[in-house]
Amino acid sequence: MKKHQGFITDLLTNHDEELNKLFRLKLSTDQLIYQNELKIIKLYQGILFWEKIEYQNAALKKHMEDLTREKIKFTSEIPEIKKDLEKYKEDYEQILHKDKEIEKSFKKEFHQYEHFFETLYRVFKKREKNTVDSNEKIKKFTQSI
3 MKKHQGFITD LLTNHDEELN KLFRLKLSTD QLIYQNELKI IKLYQGILFW EKIEYQNAAL
63 KKHMEDLTRE KIKFTSEIPE IKKDLEKYKE DYEQILHKDK EIEKSFKKEF HQYEHFFETL
123 YRVFKKREKN TVDSNEKIKK FTQSI
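Read in order, the letters of the sequence shown are residues 3 to 147 in the numbering used here.
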């Protein structure tokens, strides 16, 4: 019986050792599988990241092309706008010059009425604004006829 017990204990210890080896083998293979899965996930994340960057680059290129087209369009309009601006500046300067001449002549003619000069001058200044409005009304009226 002791022989059988010794034999059974040897069998059990051998079985336990084999089972332990198999368990360690299973753990190491599971660890390798999980490591490879982690590598796959990281590679996939890298691919997604680069796809996102490529998409953003394409969007930026498209936006840049649109802006270049707009720049070309507006660059061609700049000389016309500058001409118009110069014309308006000249017109404005002429109007200012005329206004100053009229004001000087007003001061010369009505300076002799010192008591009423300030009141007359204020009325004169208000009249200028009204005449501009009335001139525009006259132009509209003549165009409608």
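Check the hints yourself; a few may be wrong.
As the list claims (entries may be wrong) - When the alpha-carbon atoms are kept at most 30 Å apart in a straight line, the in silico DSSO-like pairs for lysine-lysine are as follows: (1) Lys-44 x Lys-63; (2) Lys-91 x Lys-110; (3) Lys-91 x Lys-106; (4) Lys-75 x Lys-106; (5) Lys-109 x Lys-127; (6) Lys-84 x Lys-109; (7) Lys-89 x Lys-75; (8) Lys-75 x Lys-85; (9) Lys-4 x Lys-23; (10) Lys-64 x Lys-54; (11) Lys-54 x Lys-41; (12) Lys-91 x Lys-73; (13) Lys-44 x Lys-54; (14) Lys-73 x Lys-54; (15) Lys-54 x Lys-28; (16) Lys-128 x Lys-91; (17) Lys-73 x Lys-106; (18) Lys-102 x Lys-91; (19) Lys-23 x Lys-41; (20) Lys-28 x Lys-5; (21) Lys-110 x Lys-100; (22) Lys-64 x Lys-89; (23) Lys-128 x Lys-100; (24) Lys-84 x Lys-110; (25) Lys-100 x Lys-89; (26) Lys-75 x Lys-102; (27) Lys-102 x Lys-73; (28) Lys-73 x Lys-85; (29) Lys-84 x Lys-100; (30) Lys-100 x Lys-85; (31) Lys-73 x Lys-89; (32) Lys-127 x Lys-89; (33) Lys-75 x Lys-63; (34) Lys-127 x Lys-100; (35) Lys-102 x Lys-127; (36) Lys-110 x Lys-85; (37) Lys-85 x Lys-63; (38) Lys-91 x Lys-54; (39) Lys-73 x Lys-63; (40) Lys-91 x Lys-109.
Simulated from the structure, these hints should not be mistaken for lab results.
This one's a predicted model, so the numbers in the text were calculated from it and none came from an experiment.
For each hint, the structure was consulted:
no., hint, verdict
1, Lys-44 x Lys-63, "28 Å, holds"
2, Lys-91 x Lys-110, "28 Å, holds"
3, Lys-91 x Lys-106, "22 Å, holds"
4, Lys-75 x Lys-106, "47 Å, violated"
5, Lys-109 x Lys-127, "12 Å, holds"
6, Lys-84 x Lys-109, "37 Å, violated"
7, Lys-89 x Lys-75, "22 Å, holds"
8, Lys-75 x Lys-85, "17 Å, holds"
9, Lys-4 x Lys-23, "28 Å, holds"
10, Lys-64 x Lys-54, "15 Å, holds"
11, Lys-54 x Lys-41, "20 Å, holds"
12, Lys-91 x Lys-73, "26 Å, holds"
13, Lys-44 x Lys-54, "15 Å, holds"
14, Lys-73 x Lys-54, "28 Å, holds"
15, Lys-54 x Lys-28, "39 Å, violated"
16, Lys-128 x Lys-91, "24 Å, holds"
17, Lys-73 x Lys-106, "48 Å, violated"
18, Lys-102 x Lys-91, "16 Å, holds"
19, Lys-23 x Lys-41, "27 Å, holds"
20, Lys-28 x Lys-5, "34 Å, violated"
21, Lys-110 x Lys-100, "15 Å, holds"
22, Lys-64 x Lys-89, "38 Å, violated"
23, Lys-128 x Lys-100, "16 Å, holds"
24, Lys-84 x Lys-110, "39 Å, violated"
25, Lys-100 x Lys-89, "16 Å, holds"
26, Lys-75 x Lys-102, "41 Å, violated"
27, Lys-102 x Lys-73, "41 Å, violated"
28, Lys-73 x Lys-85, "19 Å, holds"
29, Lys-84 x Lys-100, "24 Å, holds"
30, Lys-100 x Lys-85, "22 Å, holds"
31, Lys-73 x Lys-89, "24 Å, holds"
32, Lys-127 x Lys-89, "26 Å, holds"
33, Lys-75 x Lys-63, "18 Å, holds"
34, Lys-127 x Lys-100, "14 Å, holds"
35, Lys-102 x Lys-127, "12 Å, holds"
36, Lys-110 x Lys-85, "37 Å, violated"
37, Lys-85 x Lys-63, "34 Å, violated"
38, Lys-91 x Lys-54, "52 Å, violated"
39, Lys-73 x Lys-63, "15 Å, holds"
40, Lys-91 x Lys-109, "27 Å, holds"
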